[in-house]
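Undergrad: Model the placement of chain X on the given structure of chain Y, informed by the hints.
Number of protein chains: 2
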Amino acid sequence: MTTADTSMTHGFRPPAVPDVDVRGFWGDRIDAIADRTVMILYERCVAAGMLDQMDPDRPVPELRLPFHTRPDGTPDTANVQMFWDSDIAKVIETAAYALYRKPNAELEARIDEIIDMFHRLQQPDGYVNSWFIRMQPGRRWTNLRDCHELYCAGHLIEAAVAYFHATGKRKLLDVMSRYADHIDAMFGPGPGQKAGYCGHEEIELALVRLGRTTGEQRYLDLARYFVEQRGQQPHYFDLEAAERGADPKQFRHRTYDYNQSHLPVRQQTKVIGHAVRAMYLYSGMADVATEFGDDSLTDALKVLWDDLTTKQMYVTGGIGPAASNEGFTDYYDLPNESAYAETCAAVGLAMWASRMLGRGPDRLYADIMEQALYNGALSGLAVDGARFFYDNPLESAGGHHRWKWHRCPCCPPNIGRTVAAIGSYMYAVSADEVAIHMYGESTARLKVGSTPVTIGQRTDYPYDGRIAISVGLDEPASFRIALRIPGWCRAAKLSIDGEIVDVAAIEDRGYLRIDRLWQGGETIQLDLSMDVRALHANPAVKADLGRVALARGPLIYCAEEVDNQAGLNSLVLHGGPGNARIVPMDDFNGAVAIDIDARRERWSGWERKLYDAEPPVLENGTARFVPYHLWDNREPGEMLVWVRAQR
Amino acid sequence: MTTADTSMTHGFRPPAVPDVDVRGFWGDRIDAIADRTVMILYERCVAAGMLDQMDPDRPVPELRLPFHTRPDGTPDTANVQMFWDSDIAKVIETAAYALYRKPNAELEARIDEIIDMFHRLQQPDGYVNSWFIRMQPGRRWTNLRDCHELYCAGHLIEAAVAYFHATGKRKLLDVMSRYADHIDAMFGPGPGQKAGYCGHEEIELALVRLGRTTGEQRYLDLARYFVEQRGQQPHYFDLEAAERGADPKQFRHRTYDYNQSHLPVRQQTKVIGHAVRAMYLYSGMADVATEFGDDSLTDALKVLWDDLTTKQMYVTGGIGPAASNEGFTDYYDLPNESAYAETCAAVGLAMWASRMLGRGPDRLYADIMEQALYNGALSGLAVDGARFFYDNPLESAGGHHRWKWHRCPCCPPNIGRTVAAIGSYMYAVSADEVAIHMYGESTARLKVGSTPVTIGQRTDYPYDGRIAISVGLDEPASFRIALRIPGWCRAAKLSIDGEIVDVAAIEDRGYLRIDRLWQGGETIQLDLSMDVRALHANPAVKADLGRVALARGPLIYCAEEVDNQAGLNSLVLHGGPGNARIVPMDDFNGAVAIDIDARRERWSGWERKLYDAEPPVLENGTARFVPYHLWDNREPGEMLVWVRAQR
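Those protein sequence lines, which keep their order, are chains Y and X.
Per the numbering used here, the first sequence starts with residue 1, numbered consecutively.
Per the numbering used here, the second sequence starts with residue 1, numbered consecutively.
Chain Y on its own, in the form it takes in the complex (with noise of 0.2 Å):
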């Protein structure tokens, strides 16, 4: 339908979504979203009021913040309609990809009518936001801080390309196009241009985006210098508040760590403040290092995602700890029943570590993506598609699930479009090279260099561990296969046409990298063992002392109550892993459970007293243990990631 990236001047960039066609367990998923979450999101937004906003042909609306109360009754004063030109844009870009999936002309014509409200909207000098024109006419610019306003025009850049991709209409790539020219006329180093970037970092990887699908440097080169701006002093957004008779002080956040401006990137080392934020910060700090080659850039990101990926990340790949921020706190401190680790952010540490695989494969990166992705972000969607969770806790006594909707509702078509887009970080490639990232059922049609490379795999991963890679070609080429061999994995065997790879031998940074003059037709025959792991966190970790959780592959497992009846905390494991069973789950097609020996403590007879010296009884049993992403999907009740073991 289209090709991915127009230059490809450095690293390795993702293939369009729509080149690669996933089935198997990711495209039962992808199915789900296009048969139902994106008409579910289109209604909802609708709902919501946000078209009255975004149409210029409409009546000004009145402020209406459905949803819109706190869980004790109270009314919440943040305002989230300022940012819903973000959300309908994440539902297009969700759209596009349905699109793509299965054509649907009524979907397709709805979204075709919110263009062209965009594109009604657009005033003569290219500039384009819903509640900056119709809501809060004449204070645009004045609050970068905290209006959102660059992020808005971030997430429509996003969509635009994703729709053009996915439709090969361009109305909404011409739009933003001509306001993206806009923001590059206004935000720079020049004369009567402003020093300023956004309080919620998007811009900068969207701008890359429409770069490489425009081939316009510009784009580029603004993304850049918002990244080089960022935290300079003095500060722009003291600065700003001054301009505007406020004073800088009076920020609810208190300080600019909230938003990553509190240092030039290159001096930050810790990851730190909103979650997600920080998350879209360093993807674009990560694409801009990628098309300049910017090595500096580059150390500085491996500074902050050693920081979060060994002090501060659940085992889920969920990230951001605390509702007060929506993000990090301090080391080590991750709580798991009151674990904001909101979807948005598993999904921006996904963005962050496909884009850190933009300088080359490195297992660093792709385990935690994997990791973020399979367990952290697909919880936030059922199995259905119809809901969603905004935050991911790694236990619940019973009273978490899943939202129709959210008041501020970022977290659902982030997660619908990533895992639209699940393609795109299955595979990249450079100029000489096919990395396969994620494995899974799919076809994926390729670019190397200018050779068109088609890559078929045929797996039930991530429930089992063998993969059979086919390589076509229309004729003989020489190339790179990049294959991951998982962190977790402790043994893999490689054949390509039945004739067994020394698998050591061509191993860098947790890839297997094949040079070879392809014929095409090819069958590489990866088997990945795929054992059950009884993981202990670093003991710095108060809330998982004593505790193991139990992964296999890529999926992270939980015991939910419907399996286990009731007090999932009375379980003991004893004995590591070993005595582990893999168990069909009925419900969830291809599913696998794991059943394995567990006591269970007698919690009877505790209900009049507070402290006592004989201990409880413990009996014998047996718990059941489901992937974490499938939690909340039947019966609810308790779930619990970490379980008490005993050795």
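In short, the hints are calculated from the structure, not lab data.
Among the hints, a few may not be true.
All copies of an identical chain are treated as equivalent in the list; a pair is satisfied when it fits inside any one copy or across any two copies.
Listed below are the simulated DSSO-like cross-link pairs for lysine-lysine, each with C-alpha atoms no more than 27 Å apart in a straight line [as the list claims (entries may be wrong)]:
#1 K249 <-> K194
#2 K270 <-> K609
#3 K249 <-> K270
#4 K609 <-> K302
Values in this document were obtained by computation on a predicted structure and should not be read as measured data.
TA: For chain X alone, coordinates are given in the frame of chain Y:
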């Protein structure tokens, strides 16, 4: 020097403090208070500027809030000067007991000066409150909810009674009796009277104490009125707010749960709100129940007692887990490291327990009283008497240490007066019975009915369970002696003058009740077994899952870094407490430590990773536990009560 209460119509009453000469464990602590603490308290109150506010002959001072910034350096707007009268009152009370213990002319002169200030401060109508006379004149009795006005009166009444008992001086007692008369005229159901009560309970128990000392029934009646009126509709705090032109809904603590006025007291079934307030209310209710023989009030208290002690109490007897309301949260919410467990709250629990014994000996109350006093309360005072804990966590990563002072200086004099008055918690008398609630080296000069009885205890309790009790009489007399058998004691042996007594035959609600014609000169030998216990918490207390707390006798033990090196959470006890050894401590007079076999996880090698399928290596070793109340008296470091345990 003086006798105990003058009236004796119902139940059991504690002796006046000077009637019990305490030595041994508590005696050392009382000496430290007399030698050091009391002068520290006085001097820090002076340094805080309290006397400038109280002395009517000095210029009215400006508002000043010494020691008064938050840990992060920002100023705090809460006003503690409003209740300085109560702080100085508790200092006077502590000084009274110290002066009884050790004459100190200089201290006595200074206390007399303060008493003179209150004497000069007293208004012609009897009113005495330094804040409303000098700092906010004209506002008296306009905000009982927030301003601690009757609370201050209550503490000054307690100080007056104590100072009278200890020194025989009546000046403060007379001042406070006149003030009580004024309050009695001001509050009540009559025309022109206010139907109110204090937002911070205290006046109730103080009026009972004043009534018992002066024999004035009106004070008992007024105490009862305040108890009965609490939480009645229309709600006094609503009416009062409206009268001063305020919106009753703009209450900082949102609901009247905070001060236990959300319901009439007999309808309250859940211990709720600010912990110290709750304890003082229940103490006052128990006093009223004793004085008026009010079973319905006692029944309400039994429900609350059960609620607190089976669902909301730390194993140390600490209560009120949350800093936000200085009080209670959800059932079984007992986090260890963030435990607020204010010293004053544990003191308040001991006060309540002591008063529940007013209706007769019952281990249900005395066990908890002892648990709170020896652990969660006593921990608030350093062994040398010079430093104080405000909050008493059950775990520390090494950063929690005693304060020299606290901006809200309620705890230092509260633990001071309580320890100095410990004799009044140890014994109680009725018309025909002496109860020994707590054991300890001491001599008590009591009156059973009109019979003088001297009870002596020779013992190393709480470090040893053997107690020799002597009965001294002027002439033979028939009465009962009740000896508590603590719930933790697995085997008790009793002999009188060498003759073994069958304890099972005479046990009633955990007390051995010995009816006898005593000749005088008898020796009662009581041997309480004192095994090391490994306590398990109710499994609903998530913080304690898979952990045990070691205890011996009434003492809860903890591990400290100084004995065990850092990383206390790497310790894992195996098996029960059978391998525990009792070891004398070098540092503290007579104290014993517990050494116990333990494994230790090797935590080195975890610096660079967050999760690992390899379990940490276990090493065999020994762990040392010391009495919780002694923690942070040696080199600073980590502390842990609930230690990991496996079976």
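Undergrad: So which of those numbered hints doesn't the model satisfy?
TA: none
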